[in-house]
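There are 2 protein chains.
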Amino acid sequence: MADAVLFEFLHTEMVAELWAHDPDPGPGGQNMNLSVLESVGFRVGQALGERLPREMLAFREELDVLKFLCKDLWLAIFQKQMDSLRTNHQGTYVLQDNSFPLLLPMAAGLQYLEEAPKFLAFTCGLLRGALCTLGIESVVTASVAALPGCKFQVVIQNS
Amino acid sequence: MADAVLFEFLHTEMVAELWAHDPDPGPGGQNMNLSVLESVGFRVGQALGERLPREMLAFREELDVLKFLCKDLWLAIFQKQMDSLRTNHQGTYVLQDNSFPLLLPMAAGLQYLEEAPKFLAFTCGLLRGALCTLGIESVVTASVAALPGCKFQVVIQNS
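Residue numbers (my numbering), protein chains in the order written: chain A, 1 to 159; chain B, 1 to 159.
Rather than coming from a laboratory, the hints here were simulated on the basis of the structure.
Check each hint, because a few of them may be wrong.
[Stated by the list, open to error] Covered by chain A, according to a simulated footprint, are these stretches of chain B (three or more residues, beta-carbon under 8 Å): (1) 14 to 28; (2) 137 to 149.
[As the list claims (entries may be wrong)] Short derived list, chain B residues pointing at chain A, Cβ under 8 Å: (3) A47; (4) F68; (5) I77; (6) I156.
Beta carbons: idealized from backbone N, C-alpha and C, even for Gly.
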């Protein structure tokens, strides 16, 4: 009964609660719920970022910051590292997790793919919030090709 | 950057999000928000309860279950034990935590006392959910006399 489980349960139930009162809220309601999750994630990411040791806030290179997220941050939150990090060297990064823990409770299957965004919005916000604390403005989106794997795309703003 | 922090940040932001759109929702709105937190806590508590080793589900005595919550469950969630457990031996238990972690972010001071219920509702639900999985129906309420200490009152139903 580790803490990681507690975080994952709380995340799952927070998602469920948002959709509980209206399981099919339409595109507008869906987007509002996703936006709530993203903003909660953003503030949690900011708070996590603020707890980083000072020396980590002095990263010189953007790529080092992204590597830190993929390795240390992911390990602290999900007890695993991101599986790969790619970049076009023009401010766009693709972070791939082949078995994303927050998607694991969903049964694998194409029919669940449309449910996936609910379980990714919080983490998109969390990445954006952590980057923000580290001085990098970004837009973070996520996509799923095959459950429980997913990709987070980070596009740096004004880089 | 431990997992415990992640859970606490997520809890704090979930509370903040509920009150964000209407900081003063009136008694009705306040109760609805508290009820949402309680029900999210209940389901998390149920889920935690379901992960307990089988032998723990075979507690014979009600008091043993309550001791388990005060010791093992609290330790797993908050990295500390409950400070005291009292009972009237008629189905009412008072669990006291002299420094409840989810209240710590609030500055100590009488003027914040009225904010405290927001930060206790989830945990009331969590206790009720864990007890439910262990086969005990209960009503759980919480009160604060001096921040960051608090008391959870568990009243067993049909005992």
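Which of the numbered hints are not met once you compare them with the structure shown? When the structure is compared with the hints, numbers 2, 4, 6 turn out to be violated.
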